[in-house]
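Colleague: Here are the chains, one letter per residue:
Number of protein chains: 2
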Amino acid sequence: MTVGATLALVRAVRRIRYEEIPADALEVARHCLLDFLGCALAGSREPLTEILVESVATSDGPATLIGRRERAPWQAAALVNGAAGHALDFDDTHTLMSGHPSAPVVPALLALVEKEGARGADLLAALVAGIELECRLTALLGPGHYGAGFHSTATVGAFGAAAACAHLLGLDEERWLHALGIAGTQAAGLKSAFGSMAKPLHAGRAAETGLLAALLARGGFTANPCVLEAPQGFAATHAGGELRTDALDRLADRFLVRDTLFKYHAACYLTHAAIEAAGSLRTHHALAPERIARVEVRVDPSLLSVCNVAEPRTGLEGKFSLRATTAMALRGDDTADPATFTDARMADPGLVRLRDRVAIVPVAGTGATRTAVTVDTDRGRFVAEADTGVPAVDMRAQRERLEAKFLALATPVLGRARAEALATAALTAHQLSGAADLLRLVRAG
Amino acid sequence: MTVGATLALVRAVRRIRYEEIPADALEVARHCLLDFLGCALAGSREPLTEILVESVATSDGPATLIGRRERAPWQAAALVNGAAGHALDFDDTHTLMSGHPSAPVVPALLALVEKEGARGADLLAALVAGIELECRLTALLGPGHYGAGFHSTATVGAFGAAAACAHLLGLDEERWLHALGIAGTQAAGLKSAFGSMAKPLHAGRAAETGLLAALLARGGFTANPCVLEAPQGFAATHAGGELRTDALDRLADRFLVRDTLFKYHAACYLTHAAIEAAGSLRTHHALAPERIARVEVRVDPSLLSVCNVAEPRTGLEGKFSLRATTAMALRGDDTADPATFTDARMADPGLVRLRDRVAIVPVAGTGATRTAVTVDTDRGRFVAEADTGVPAVDMRAQRERLEAKFLALATPVLGRARAEALATAALTAHQLSGAADLLRLVRAG
Chain G
14 MTVGATLALV RAVRRIRYEE IPADALEVAR HCLLDFLGCA LAGSREPLTE ILVESVATSD
74 GPATLIGRRE RAPWQAAALV NGAAGHALDF DDTHTLMSGH PSAPVVPALL ALVEKEGARG
134 ADLLAALVAG IELECRLTAL LGPGHYGAGF HSTATVGAFG AAAACAHLLG LDEERWLHAL
194 GIAGTQAAGL KSAFGSMAKP LHAGRAAETG LLAALLARGG FTANPCVLEA PQGFAATHAG
254 GELRTDALDR LADRFLVRDT LFKYHAACYL THAAIEAAGS LRTHHALAPE RIARVEVRVD
314 PSLLSVCNVA EPRTGLEGKF SLRATTAMAL RGDDTADPAT FTDARMADPG LVRLRDRVAI
374 VPVAGTGATR TAVTVDTDRG RFVAEADTGV PAVDMRAQRE RLEAKFLALA TPVLGRARAE
434 ALATAALTAH QLSGAADLLR LVRAG
Chain B
14 MTVGATLALV RAVRRIRYEE IPADALEVAR HCLLDFLGCA LAGSREPLTE ILVESVATSD
74 GPATLIGRRE RAPWQAAALV NGAAGHALDF DDTHTLMSGH PSAPVVPALL ALVEKEGARG
134 ADLLAALVAG IELECRLTAL LGPGHYGAGF HSTATVGAFG AAAACAHLLG LDEERWLHAL
194 GIAGTQAAGL KSAFGSMAKP LHAGRAAETG LLAALLARGG FTANPCVLEA PQGFAATHAG
254 GELRTDALDR LADRFLVRDT LFKYHAACYL THAAIEAAGS LRTHHALAPE RIARVEVRVD
314 PSLLSVCNVA EPRTGLEGKF SLRATTAMAL RGDDTADPAT FTDARMADPG LVRLRDRVAI
374 VPVAGTGATR TAVTVDTDRG RFVAEADTGV PAVDMRAQRE RLEAKFLALA TPVLGRARAE
434 ALATAALTAH QLSGAADLLR LVRAG
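Quick note, the sequences are listed as chains G and B, same order. Take any residue in the first sequence, note its place counting from 1, add 13, and you have its number in the working numbering. Take any residue in the second sequence, note its place counting from 1, add 13, and you have its number in the working numbering.
One should not assume that every hint holds.
Pairs involving identical chains hold if they fit within one copy or between any two copies, as the list cannot separate such chains.
Said to hold, decoys possible - In silico SDA-like cross-links for lysine to any residue, where the CA-CA straight-line distance does not exceed 20 Å:
| # | residue 1 | residue 2 |
| --- | --- | --- |
| 1 | Lys-128 | Thr-71 |
| 2 | Lys-128 | Val-376 |
| 3 | Lys-128 | Gly-232 |
| 4 | Lys-128 | Ser-72 |
| 5 | Lys-128 | Arg-456 |
| 6 | Lys-128 | Arg-84 |
| 7 | Lys-128 | Gly-155 |
| 8 | Lys-128 | Leu-182 |
| 9 | Lys-128 | Glu-33 |
| 10 | Lys-128 | Glu-83 |
| 11 | Lys-128 | Gly-74 |
It should be emphasised that the hints constitute simulated quantities derived from the structure, not laboratory data.
Same shape as in the complex, but just chain G (with noise of 0.2 Å):
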């Protein structure tokens, strides 16, 4: 590589044009942006959404928040609707970003979006522009980011935010690098405050600053032009300066955004696994859980810090505990319905019977996404493995799958109607000609 890593960045991406972007991956854009769309719905109500909107709507704001009948301005919307696509940690992950690519992008693209126009096929190309970005610029920090302490949503969301805008914005490569200079100067975001309100505004304030940066650069705002590769630059500050520039040609011409995975259970990624086998267990075998003698977990040793909790009591213990999220999964709960995950649901005698039965076997080198379940009944046992860190396949089954989520979650908010309706229009979204359309669908009624 003979220019700068920053520039590199932005020539991998910034001449993205939708139709040159492959069937599948637009397919994948629209599903990030549906998935987006249902988990803000349902964080729109959620207590740290209550609070930002205190604290940042205006009654005259130009701007929709999703779910809401405040608005709020074009920044604050931003941040509010970011934190609220966040706020269930229910959101898309990518494995190469080590994060959530759709809550940064997403939300800063839609305040761009109302506030300027723009059609659908271009909102979805600049999505997939910032999500290219996002996992390029992991690839191009390396482990040294994210292990470190700094949390890659909050971080390289913001450049993803900023990227993504100045595509829409059609910026030229100057400015561009000049978006990436503010947002990388101001991306900020700990770990450490994993755990509490502060993991969700992180998303939002990615999304502020890229739209902000990207607003900026175009007015003419300078930075540094080379903010990774500069000397005490982001590279040198937030990831120990060693930038992997192989990585770029390594990825070049591929559109990451189609590795994209997403939740349809609302507990911890580490446990989806598990939840999947025993849910084709009890599907295919038809268990019943009173007939249940024992049940085995294999799995990674590396989960037993994460998601181990043996005797979870409230509902977010639940969401941590390998045991329990089988012990439904086998019952038939409705793991993809955040609301399942009560106090109640983890004192019910028949969940505690059944969670009691299942014991979690460490087995080395299984892999963090990988387990297999097996059940003893009195007709016999049977085995069950799945993997959750493969991207999907087929694309119409994930299709599927993401809008019955999507349903389930955006229902209580806007109604069945629209609830369906912006369903449609966000799988649409390549042939609205205002994309602005989806804001309005977004409004609580």
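The hints should help you fit chain B onto chain G, whose structure is shown.
Modeller: Leaving out everything else, chain B in the frame of chain G:
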């Protein structure tokens, strides 16, 4: 220290009461207020401020933008006013903070005061609390923070703004910890942005971050309440991990705001001692430039890489030229006026002639803020020394100099009568029953 560093920091400043602040510290706080307003008024017409206003102002925003007709949302006003205040790099400094203490703190407080109302005395006490926190936090972090590439005005400034607003809001200890947690996980700003518009942006974003953090914390928003000392917390990610916890004991019961330094010349701070020494020679000995044969400026060798442009061609280069600034002082040029530093002046034959007689002599161990100037004339040799790293002892003299500086900066924007009224209001801010009265005076007419 038996409590955590974050809590110890909060306990060092949260209980500061107006009535218990020494009179000279309060006088300096008023100087900070006056000086910030003057810098922000002059900065309100800079291109970077124009772009910011264009990007974030709303026609019906509730908050005042200093020196402008436009209005903005609360957070956006803190952002714009903070950037305007640091736009000329003419605002106050503090050696213990390694940064500019007022530019992140005052605009956050002004927005809060306009939003919620407060007495002038409470504004001053909150300003003192913010600056005290900035200085103590920098001491806690040690030199590794600035040394690694972080711009303290941005990062420490975000904590300072949060603390000032938390003080004005009277938050309890737990809410203070969350306010600092929110500010800390969003604090950002790289020195590698120096030389671009992003440097002043840092001050504005710090103000905005701090204001948001305090408002969210008041509403019950949570963050990591041990943001400094947590594993992978702010100290680990931003200062090499080692918190100098003895610093708080060492600084206990001192009012560090007292040591704020003010800029009286619109050039690099490290040229100021030479300007002061040369100016005093001119005044005391009635030196005529044409009779000066040679000038020797003895400085610390560390200055050579910062402000030793030998033959400056632009006004900006002139601000970083010990030879030119010394010659300007000997000629009686108004180095206090940013408009003095033009490209044309740098090419002025009389200035060039005198400049070329100035020799810069590095003397190890001089100290960055101390300079000796020797002038050889046909009447003999004259020598003067100055040290601009020593806080003023004579508060009245400091007030008079700052008032003159303020009127020079504010008059072109507000007109003489209103500039004088604003100076009076700032210098008697403790008597204001409504501190928001200041905002009514800073709007462009």
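Colleague: All hints, please: hold or fail.
Modeller: Now for the hints, and whether the structure bears them out:
1. Lys-128 to Thr-71: both (16 Å within a copy, 12 Å between copies)
2. Lys-128 to Val-376: Answer is neither; intra-copy 52 Å and inter-copy 58 Å both fail.
3. Lys-128 to Gly-232: Classified as within; 15 Å inside a copy, 29 Å across copies.
4. Lys-128 to Ser-72: Both. Shortest intra-copy (17 Å) and inter-copy (14 Å) distances satisfy the 20 Å Cα cut-off.
5. Lys-128 to Arg-456: within (16 Å within a copy, 27 Å between copies)
6. Lys-128 to Arg-84: Classified as both; 13 Å inside a copy, 18 Å across copies.
7. Lys-128 to Gly-155: Intra 35 Å, inter 44 Å, cutoff 20 Å: neither.
8. Lys-128 to Leu-182: within (11 Å within a copy, 34 Å between copies)
9. Lys-128 to Glu-33: neither (26 Å within a copy, 49 Å between copies)
10. Lys-128 to Glu-83: both (17 Å within a copy, 18 Å between copies)
11. Lys-128 to Gly-74: both (11 Å within a copy, 16 Å between copies)
Against the hints set out earlier in the document, violations occur for numbers 2, 7, 9.
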